[in-house]
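Engineer: The residues making up each chain are set out below.
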Amino acid sequence: MIPFEYVRATDLAGAVAAGTAPGAVYLAAGTNLLDLMKGGVSRPRRLVDITRLPGLAAVERMGDGSLRIGALARNSDLAHDPAFAKAYPAVAEALLSGASAQLRNAATAAGNVMQRTRCPYFTDTGSACNKREPGSGCDARGGETRLHAILGWSEACIATHPSDFCVPLVALDALVEIAGPAGTRSVPLEAFHRLPGDAPERETVLEPGELITALVLPPDAASFAGHSRYLKVRDRTSYAFAVVSVAVALRLDGGRIAEARLALGGVALKPWRAREAESLLAGRAPDEAAFRAAADAALAGAEPSGDNAFKIELARRLVVRALARTAAGTPERLPALPGSAFAPLPEAAHV
Amino acid sequence: MSFDIVLTVNGTRRTIPIPDPRTTLLDLLREGLHLTGTKKGCDRGQCGACTVLVDGRRINSCLALAVSLDGAEVLTIEGLAEGDRLHPVQEAFIAHDGFQCGFCTPGQIMSAVGLIREAQAGNDPERVREAMSGNLCRCGAYAGITEAVLEAQAAMTQAPTSQHPASPRQGEAA
Amino acid sequence: MSETAPRQMRHGSNLGQPLTRRDGILKVTGAAAYAADHHPPGMLYAVMAVSRIARGRVTRLDVAAAESHPGVVAVMTPQNKPALARHPDEKNDGFTFRLDLLQDDRVRYANQPVAVVIAETLEAATEGAALLDPAYEAETPAVGLDGSEPFTPPAIGVGDPADMETGDVAAGLAAAARTIEATYETPAQYHNAMEPHAVVATWDGDTLDLDTPSQGLAMAQGRIAGLFGISPADIHIRSPFLGGGFGSKGMIAGPQVLGIMAARLVGRPVKLVMSRPQMFGPVGHRAPTRQTLRLGASEDGGLTALDHHTLTATSTFDDFIEPSGGVSHTLYAAPALATRHRAVRLDTGTPLFMRAPGEASGSVALEGAIDEMAEACGMDPLAFRLRNYAETEPASGKPFSSKALRECYARGAEAFGWGKRPLAPGQMRDANGLLVGWGVGTATFPALMFQAEARAVLKASGEAAVAIGAIDMGQGAWTALAQIAAEELGLDIDAIDFRIGSSDLPNGGIAGGSAHTATAGTAIKIAAADAIAQLAALATQDPRSPLYGAGNAGVIARGGRLVRRDDEGRSEAFTEILGRAGQDSVEGKGAAGPDAARESYAMHAHGAVFAEVTVDPDLGQIRATRLVGAFAAGRIINPRLVRSQYYGGMIWGVSFALHEQAVMDPRTGRPMNANLAEYHVPVNADVPSLEAILVEEEDPHVNPLGIKGVGEIGVTGSAGAIVNAIWHATGKRVRRLPVTLDKVL
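Residue numbers (UniProt numbering), protein chains in the order written: chain A, 1 to 351; chain B, 1 to 174; chain C, 1 to 745.
A hint or two may mislead.
EDC-like cross-link-like pairs, simulated, lysine to aspartate or glutamate; straight-line CA separation at most 20 Å [claimed, not checked]:
no. : chain 1 : residue 1 : chain 2 : residue 2
1   : C       : 743       : C       : 185
2   : C       : 743       : A       : 307
3   : C       : 732       : A       : 235
4   : C       : 81        : C       : 67
5   : C       : 732       : C       : 181
6   : C       : 743       : A       : 235
7   : C       : 420       : C       : 430
8   : A       : 38        : C       : 120
9   : C       : 743       : A       : 5
10  : C       : 732       : C       : 430
11  : C       : 743       : C       : 372
12  : A       : 86        : A       : 173
13  : C       : 81        : C       : 105
14  : A       : 38        : A       : 5
15  : C       : 589       : C       : 463
16  : C       : 398       : C       : 163
17  : C       : 743       : C       : 618
18  : A       : 86        : B       : 118
19  : C       : 420       : C       : 375
20  : C       : 732       : A       : 313
21  : A       : 38        : C       : 678
22  : A       : 38        : C       : 587
23  : C       : 459       : C       : 587
24  : C       : 589       : C       : 504
25  : A       : 38        : A       : 133
26  : C       : 459       : C       : 497
27  : C       : 459       : C       : 584
Okay, the calculated bits of chain C under chain B, using three or more residues with CB under 8 Å as the criterion [unchecked claim]:
no. : stretch
28  : 22 to 29
29  : 121 to 128
30  : 645 to 656
31  : 670 to 678
Honestly, the hints are just simulated from the structure, not real lab data. For clarity, every value in this text was computed on a predicted model and none was experimentally measured. For glycine and all other residues, C-beta sits at the position ideal for the given N, C-alpha and C.
With the hints as extra help, turn the sequences into a complete structure.
Structural biologist: Next up, the structure:
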């Protein structure tokens with residue numbers, strides 16, 4: 001990696017001031033950033049270490065019932081917090097289905113949101129990549145594309161976003177709190193990551209110098225706790241990125257679905273909220289027919305970007321499976337293999 | 001620009017100059033402090049061979065910048081045994097043949113120590129296997145590793161106040 | 001210090017005892033020193049720059065940029081590399097492979113070293129290598145098994161003929177009541193030992209001191225000596241612990257030599273450690289194969305013909321041909337049998353032996369095809385295998401030196417519960433509604449013997465020193481070979497100063513071919529016998545000894561004493577014999593190698609692996625939930641370590657069946673998953689339940705110890721059993737490995 005200036009920020013204003021300089025990036029745990037720097041993908045001139053910023057690791061229940069997850073909250077701390085896991089079981093399950101225990105111990109909430117695609121043509125500096133070098137082309141097209149996007153991709157970029165955590169967060173209408181040179185603002189997570197279009201180098205809505213200070217789950221996010229799952233299909237039983245993943249949250253009322261939330265991971269360059277499928281489910285009985293209709297709606301716009309047509313059908317089936325599992329109720333305890341098809345069916349439903 | 005950081009490494013607090021901020025904790029341990037028990041298998045957080053405890057938590061030391069860890073407590077494989085007295089996890093790895101070539105072993109053992117501290121897996125082998133999945137073993141010693149973690153955890157839980165159970169080891173140390 | 005393992009757990013050292021590893025404490029405390037753990041004074045760091053194209057030329061290296069990076073000491077390129085005494089492409093035998101040592105600007109595979117940057121710090125060397133930013137003149141590479149014209153290789157593996165036929169295959173197929181033809185494809189796989197190849201090199205004039213992992217120290221010495229024009233005796237290699245080898249450290253690899261050249265260039269000690277992505281090129285791999293099997297069977301399920309055709313690949317500049325057909329020579333009693341090997345030349349690094357080379361890839365295809373024929377015959381796959389049990393080796397007609405495969409089938413089937421298996425696929429489900437399938441595969445691996453020498457010194461103190469340049473890459477040489485020494489010398493294992501892992505010791509041969517315990521162990525046995533014979537001569541010819549007149553053959557060594565065979569009451573301690581003779585010690589020497597008796601027999605270890613898989617019928621996710629292997633491999637020195645070898649092999653079988661593959665970009669010939677996040681090997685959660693049954697087997701022919709070797713056989717059989725179990729779960733025959741979820745959807 002190239003030599004860089006290391007700046008340790010002690011307060012938010014100082015961090016933003018230091019982080020606004022060209023070539024500056026923020027450093028939290030660094031689990032993704034260092035990986036990219038070692039590969040020559042990311043070559044920052046200045047690292048602004050935000051790990052000492054006060055209060056940024058806190059997880060707080062706010063007066064309005066929302067939950068504010070500090071940017072620096074560690075993935076594992078969040079997932080293993082019993083109150084958090086009880087209120088947002090799909091989020092905990094997603095966190096624990098990702099990476100390894102070591103990485104979850106280090107990685108932060110905001111870092112997870114900020115992680116970059118695993119597209120091998122992006123991480124390989126010997127390949128053309130419009131995201132890494134705007135206008136250079138996309139070597140993924142016509143290359144090895146088994147795991148690439150089936151939704152929202154463009155000719156310029158067919159990569160996917162690798163996060164598990166973001167998938168249930170998007171389903172639960174999480175917000176991203178942002179601080180920057182122009183003050184603070186808040187955007188829905190769903191609008192935070194950008195689809196590639198013709199500018200895949202613009203990955204998020206962050207402006208220069210801006211950083212995430214928190215993720216906020218709105219008050220109603222906890223109302224799905226009884227029926228909330230994250231399922232993730234992967235090529236190895238653990239320690240693998242999703243081929244496709246699905247987060248589902250349901251509110252059931254009198255044997256009908258009062259409200260449904262559905263999002264997919266591993267299918268697009270952002271966590272993919274399936275709103276049409278959600279509306280389709282609202283008011284219906286939680287049965288196979290409804291689930292299938294929802295799956296069809298969720299994947300209605302899907303198109304293979306290469307040798308990955310199987311992901312469309314796989315995603316449909318996973319949506320059906322995730323809806324069925326979710327309708328059966330959140331398990332009392334997260335399964336030993338979180339998000340896995342091999343997790344035993346829950347014996348007792350969450351109450 | 002050189003930073004001085006303070007690290008407590010295996011119980012010893014020391015001030016360490018970091019002349020190059022690019023230095024990872026792993027490279028600092030291995031090349032700077034010559035604590036070479038911690039291994040580099042991939043340098044990218046993909047194999048777990050570099051696992052150490054930082055402030056009691058297991059992490060991949062290859063993906064941590066040393067300079068950002070100022071003030072941290074680091075426990076490496078070299079600091080686990082108390083003199084000639086092996087840690088229960090170390091003993092269990094020997095007893096269950098939880099390794100072959102031994103290269104991933106320091107990482108496996110530190111990961112197991114971290115896992116036991118996390119207290120999330122209980123005595124469920126499936127949870128232990130999942131929680132140890134961040135440590136690759138190419139020789140394929142997983143069966144012994146899982147048994148060793150379960151046994152060591154049981155031994156440590158039964159005797160939480162005693163330092164370590166009696167060692168079966170005889171003879172001199174290396 | 002690291003060359004002598006610490007002592008611990010004295011529960012018996014005799015052969016067959018489950019001693020825990022004698023290097024265990026060093027390994028669990030981090031004290032075991034691997035090559036990259038060394039830091040001689042004044043050491044510099046070397047980092048390779050590797051090619052991003054698979055074929056072409058390097059037209060420019062930005063040496064100035066690298067040199068101007070703070071801390072960079074030198075940049076080694078084709079222009080300024082130290083002169084070599086021998087061209088790296090010069091071959092003198094089948095065990096010499098061509099190396100890429102910056103001989104010119106040609107690029108012949110992706111990740112080929114093109115320069116080396118040497119710096120004061122690892123960080124500076126790493127960035128310096130990045131700054132070289134090579135420019136290329138790229139040419140279109142040959143990629144994939146259809147990427148170039150097949151040819152008939154002059155030899156396969158380590159010198160076997162490419163084609164072999166016995167009986168009339170065409171007639172056998174024509175006469176068959178049923179025939180099947182099945183084509184199986186296996187991908188390129190990379191060894192990926194957890195320890196990347198590393199070297200710490202220090203020159204002192206023309207003397208070279210090395211810490212580097214090597215599965216064969218004398219061969220490494222010879223190769224390095226030839227390249228640098230120095231005497232092998234002036235090269236000192238320490239290799240007490242290998243962080244895994246699996247064949248990739250069998251020959252000294254180009255990057256290790258580059259580290260030595262870098263040290264020569266700068267006149268200081270140098271450490272060069274490969275990065276993980278760099279491991280996908282210059283250090284060997286298992287070549288991809290496409291194997292077509294044609295089988296004929298009679299009405300009652302007896303094979304009438306077996307035809308096994310292999311298409312594989314080698315590099316454009318050297319030959320290693322994966323000998324996949326070999327397993328068909330041994331396993332099933334087909335009266336007509338043919339194997340053929342063809343190869344294409346691709347722009348890859350040269351393939352190499354990788355754990356069970358030939359047997360692993362061949363076994364998957366053969367066991368799959370056998371399963372398909374069992375299905376065609378409506379027979380249980382195990383019954384079909386028993387129906388075609390080979391009483392003599394089909395290809396050679398030779399008797400087996402021993403073969404307890406029937407017992408392996410029986411005991412494995414019993415432990416697994418095979419009897420409850422429904423014949424038809426898709427019949428079993430688990431509590432979650434997931435499909436369950438059971439499959440079987442036969443395991444086999446040849447019982448080889450190589451060459452080795454050993455020294456055993458009995459001392460007047462009552463202790464012994466046993467030395468052999470043997471290698472422990474995880475299989476347990478530190479322990480098992482010391483057990484053999486203790487047994488043969490009649491001493492407690494703790495009374496032996498046992499040394500391995502250094503080129504200064506007697507030539508221990510190569511740790512490979514599952515033959516190291518047999519070969520090195522036999523050398524130790526002979527050396528020990530020599531020392532005991534000398535001691536016996538001193539005693540039996542001395543009227544003052546209670547053993548006087550017994551004759552050499554009339555005494556045995558036990559508990560530090562020589563004991564008269566015909567009168568166990570008469571004995572004398574080693575210390576007394578040497579003391580009275582006024583000798584400090586006696587030194588025994590031993591040499592082992594294959595003997596002529598091997599010509600008369602077919603010598604193989606055997607086994608049967610039973611696999612259970614769970615398959616999600618909707619999502620295609622597959623998990624190997626249970627593996628039971630029963631293996632007969634002659635004499636077992638240490639059942640604890642042998643079980644671990646079997647487990648490790650079986651997990652490689654899981655990996656072969658479900659996970660491993662190098663994903664090559666078809667346009668560029670570059671591996672696009674050259675890392676451990678995307679080149680999947682099994683994690684702990686992939687391997688829920690393993691059982692290895694050690695079936696007793698005595699073999700009087702393989703070698704004086706009766707050892708057949710266990711390091712590789714576990715891979716064979718296992719992968720096929722899993723693939724067959726997936727069929728049994730789903731009804732789908734997946735013939736293109738690995739079986740990923742998209743292939744069963």
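Engineer: Can you give the numbers of the hints that this structure goes against, from lowest to highest?
Structural biologist: Failing hints, ascending: 9 and 22.
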